[in-house]
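> Okay, here's what each chain looks like letter by letter:
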Amino acid sequence: MELLELLTWLIPVGPLAAFAVILLLTAKNRTLSFILAWAGIFIALVLSWIVSFNVFGDFLADGHAVAEEPVRVHSSVAWLPIGDYYGDPQGSAFAAAGDEAHGAEAGDHGAEEEGHHGEEAGHAVVPDETKSGTWFRMGVAVDPLTAVMLFMVPFAVFMIFIYSVGYHNFGAQPGKFLGIPNHGMEEPMFSRFFALMSLFGGAMLTLVVADNLLLLFVGWEIMGFCSYALIGFWYARDYDSPKRLSPRRAAVKAFMTTRIADVIMLLGIVFFYRTFGTLNFSAAFTPESFQNAIQATAFGAVGLGLMAMMLFSGAVGKSAQFPLHVWLPDAMEGPTPVSAVIHAAAMVSAGVYLLLRIFPLIAVALEAAPGFGWTIAFIGAFTALMSATIAVAQYDVKGVLAYSTISQLGFMVAAIGVGAYIAAAFHLITHAFFKALLFLCSGSVIHGMEHGAEHVHDHHSDPQDMRLMGGLKDKMPITFWAFLIGGMALSGFPIVTAGFWSKDEIFADAWYNFLEGSPVGLFVFIMLALSAFLTAFYTTRQLALTFAGKPRSPLAEHAHESNSYMTTPLVLLSIFAVAAGWFGIPDNFLGTDGIFYNYFHHFVGATLEESFHVLYELHLIPHEIFTLPFMIVPLVTSLVVALGGIYLGWVMYARKPLEEGQPDPMIGILTPALHNFLHNKWYWDELYQAVFVRPAVFFSEVIAYELVDRTLIDGILHLVARTIFGVGGYVRRFELAVFNDGIDWVKDRFLDLSREFRTFQSGKIQEYALLSVLIAFVFTAFIMLVNAGILNGILN
Amino acid sequence: MIPLSWYLLVAAALFCIGLYGILARRNAVAMLMAVELALNAVNINLVAFWRYGNPSQPVGVAWAIFVLTVAAAEAAVGLALIISIYRQRDSVIAEELDILKY
Chain A
1 MELLELLTWL IPVGPLAAFA VILLLTAKNR TLSFILAWAG IFIALVLSWI VSFNVFGDFL
61 ADGHAVAEEP VRVHSSVAWL PIGDYYGDPQ GSAFAAAGDE AHGAEAGDHG AEEEGHHGEE
121 AGHAVVPDET KSGTWFRMGV AVDPLTAVML FMVPFAVFMI FIYSVGYHNF GAQPGKFLGI
181 PNHGMEEPMF SRFFALMSLF GGAMLTLVVA DNLLLLFVGW EIMGFCSYAL IGFWYARDYD
241 SPKRLSPRRA AVKAFMTTRI ADVIMLLGIV FFYRTFGTLN FSAAFTPESF QNAIQATAFG
301 AVGLGLMAMM LFSGAVGKSA QFPLHVWLPD AMEGPTPVSA VIHAAAMVSA GVYLLLRIFP
361 LIAVALEAAP GFGWTIAFIG AFTALMSATI AVAQYDVKGV LAYSTISQLG FMVAAIGVGA
421 YIAAAFHLIT HAFFKALLFL CSGSVIHGME HGAEHVHDHH SDPQDMRLMG GLKDKMPITF
481 WAFLIGGMAL SGFPIVTAGF WSKDEIFADA WYNFLEGSPV GLFVFIMLAL SAFLTAFYTT
541 RQLALTFAGK PRSPLAEHAH ESNSYMTTPL VLLSIFAVAA GWFGIPDNFL GTDGIFYNYF
601 HHFVGATLEE SFHVLYELHL IPHEIFTLPF MIVPLVTSLV VALGGIYLGW VMYARKPLEE
661 GQPDPMIGIL TPALHNFLHN KWYWDELYQA VFVRPAVFFS EVIAYELVDR TLIDGILHLV
721 ARTIFGVGGY VRRFELAVFN DGIDWVKDRF LDLSREFRTF QSGKIQEYAL LSVLIAFVFT
781 AFIMLVNAGI LNGILN
Chain B
1 MIPLSWYLLV AAALFCIGLY GILARRNAVA MLMAVELALN AVNINLVAFW RYGNPSQPVG
61 VAWAIFVLTV AAAEAAVGLA LIISIYRQRD SVIAEELDIL KY
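Taken in sequence, the protein lines are chains A and B.
Each residue of the first sequence is one higher than the last, beginning at 1 in the numbering used here.
Each residue of the second sequence is one higher than the last, beginning at 1 in the numbering used here.
Okay, chain A solo, but in the shape it has when bound (with noise of 0.2 Å):
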């Protein structure tokens, strides 16, 4: 095995390692268990950048070979014996069976391979190499794609590592309180914390090293599990507002709405590895395999579209697009750097991540039908719309960045709509840059308003609410410089941000997508625009709400700067924030020629451009990869729209800051009718408990409880049981007749008989001699008759 494979697989190893570790063994010792969790990844992050360079190394020295072999490292191993349909040693679906492939005859030669299989499983102990078709093999690879996400995720999570022992009050009075947040002492459960912190980085490092969709939905999975049992982390926490979710609902509430994404998806993936004969994404995406899987599913291309929105189903619902969004904001309950790590880092850049990663799927889908086209860039194009007018009436601070996040999402989606790849990879990046940095720029303030909150012994108000904030520039100025970037790359503020370049890819795409003559390019577009302008506007909003003008509350009266663990992630992410877009400016920028070059969108366009070549050629996909040319409308509108955002935004809440007390302008504004619409987040969650889960607990509560379970199945239950005793009724009352009583009977019967016969034994000594003359005389008296012959005739 090479080197660099080596590097790959254990990428993930060293969180899950430290997570088996603190849980295992080191649980009570708090400074080891944070420190081997900070080993973990950071040994994560130097093989992933090891990796991840020695990629980008080989393009920027051929970029011709990384575009010919974009999978630069790829090890796998045998690794579960299956009754293979198709049986080819190489793995790929159809090579053997290509011409006979379709529904009926497929089962044929499934039974007739099957019994071929069945011989050979009684020897074929060990993995055969060369027969990879009958054995499903789990591995690794290494694209530009998995680069940049090995680039990013283990530093944002490292970044969020650091920053969570400074969260949790590490070295602080140790906290008593189980299952709440200790405000001020530190976590108690601290080492289980960074347990499951390690699990979440190494679940999603799996995820992004996976080479099958297999071992990417396992991934997959233990993040699903990691996010509730951390959105759930203070689960002892009670809020008196009925309308607040607690966190332990809140995780239930994450869990089982991402459940119904995952359920939809697996079955994606069965359809998946029916259709291709295989899991792994680099075998199954070349043009010969799609060819023969379009004729091998039912309704050819269309068919193929189907099987992507069904795993499209689970990126809706792991990256939170509508109708799936609205556990995202509940999520807000865990502790921030675990906001962070959902948000930014991990899970829902998993949902885009698996767009990404199924993109050529997806192409075919977009060429198949416009259906699919319009139903990806319409979901990501509302949920960013949606979510970014929810977000303008929000209050807490971290509310608010959870629904940007869920908007950023919807420009990725929509951007996956409208085919443009690279651009939403790009958006995926630079947005889990900036994303953790806000995150953990809000987890920041929210600590010194905790720490406000104790000084003035008030328990009863929100320190999350911005409402009470204001003037908290001076008091903690690192916060508010890294905020500040954050927001301005959340803005797209024009040039220096990286959220402005990648945006700014998005916005060209769409644009371009209509100039093609696509109406679905300029709903994205237009959708879009109004988003971007939105988040200019409420992050301008956040911005000066939290850190202009002079204090509203105690609480912000008395906050402080947050310690170094936390501030030195904020200040590293800061950079990247901002540094992250410079890989990406397009290469015609401003219509010049030669002086940029768009890194990031040859990298990773590398990793399709010789498939997408091939597949452009025979009409299954609607573009290559290729270089937009510069065009100045998309460009002057994502200026228009960040300048003007932030501009109406310092309009409203900068140049005269609220005062204590003093409603937000907001609600004059947009009429308290239209405002409340927008705080309480369109209704969805009123809607859904109204539409689901009402009926859903009527129905298990009346219906599958009452009338079934108590009902019917017990009253079936009851009948056998009444049955059965009475049946033992009457055996009982026989047995008790017969083998009781009988027997009974009988003994008595016997005892009567010795008690009458005991007295011969009278101990009397005389009696016995008497008896002895009585026997004696009748035997001697038998004899003599007999002598005499008297007794002849009785005895013959």
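No lab work stands behind these hints: they were computed from the structure.
Where hints are given, some of them may not hold.
As the list claims (entries may be wrong) - Capping the alpha-carbon separation at 20 Å, the derived lysine to any residue pairs in SDA-like fashion look like this:
hint, chain 1, residue 1, chain 2, residue 2
1, A, K764, B, Y86
2, A, K764, B, I82
3, A, K28, A, A39
4, A, K764, B, A24
5, A, K764, B, R25
6, A, K764, B, D90
7, B, K101, A, S772
8, A, K764, B, L32
Unchecked claim - What follows is a set of in silico ranges between Cβ atoms, one per label pair, in the way DEER data are often shown:
hint, chain 1, residue 1, chain 2, residue 2, range
9, A, L791, B, A24, 28 to 36 Å
10, A, N787, B, L81, 34 to 42 Å
11, B, L4, A, S754, 49 to 57 Å
12, B, V67, A, T759, 34 to 42 Å
13, B, A24, A, G763, 13 to 21 Å
14, A, I794, B, L4, 30 to 38 Å
On a predicted model such as this, the values are computed, not experimentally measured, just so you know.
Even glycine gets a Cβ: it sits at the ideal position worked out from N, Cα and C.
Since the structure of chain A is provided, determine the placement of chain B on it from the hints.
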């Protein structure tokens, strides 16, 4: 010469007296004496049959002497037992010695 049957009648009478004594007497010593009577009745029979049978061979006399010896031994053992019982229970009434009953 007195006929044999007379002796036999005497012996039978004596045996019956002994048997009656064994069965009817309450005192164990008296029962032992009655046993002696019954044994002696047997001796009379033995001697009488010898005298009227084949007097040249002294078989019957010898046997009678054996019986006497056995009777003596029996009386010795029996009396010893009775004394032992008496020491234990202050009684030689046979009816009362019934600890071997059911």
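> Indicate, hint by hint, whether the structure satisfies it.
The hints, checked one at a time:
1. Between K764(A) and Y86(B) the alpha-carbon distance is near 16 Å, which keeps this suggested pair within the 20 Å criterion.
2. Under the criterion of a C-alpha separation no larger than 20 Å, the hint pairing K764(A) with I82(B) is consistent with the structure, at around 15 Å.
3. Between K28(A) and A39(A) the CA atoms are separated by roughly 18 Å; this keeps the pair inside 20 Å, and the hint holds.
4. Proximity of K764(A) to A24(B) is assessed by CA-CA distance (about 12 Å); at most 20 Å being required, the pair is judged to hold.
5. A distance of roughly 13 Å separates the Cα atoms of K764(A) and R25(B); the hinted pair therefore holds under the 20 Å criterion.
6. With a CA separation close to 17 Å, the supplied pair K764(A) and D90(B) stays within the 20 Å bound.
7. The straight-line distance between the Cα atoms of K101(B) and S772(A) is roughly 17 Å, inside the 20 Å bound, and the hint therefore holds.
8. Annotation: proposed proximity of K764(A) to L32(B) holds, straight-line Cα distance about 15 Å (limit 20 Å).
9. Hint check: L791(A) to A24(B), Cβ distance near 33 Å, so the stated range 28 to 36 Å holds.
10. Our hint of 34 to 42 Å for N787(A) and L81(B) holds, since their Cβ atoms are close to 39 Å apart.
11. Look at L4(B) against S754(A): about 50 Å separates their beta carbons, and that is inside 49 to 57 Å.
12. Checked against the hint of 34 to 42 Å, the pair V67(B) and T759(A) passes, with Cβ atoms roughly 36 Å apart.
13. Checked against the hint of 13 to 21 Å, the C-beta distance between A24(B) and G763(A) comes to roughly 18 Å, which is consistent with it.
14. Take I794(A) and L4(B): their Cβ atoms lie about 34 Å apart, and the range 30 to 38 Å holds.
Checked against the numbered hints given earlier, this structure breaks none of them.
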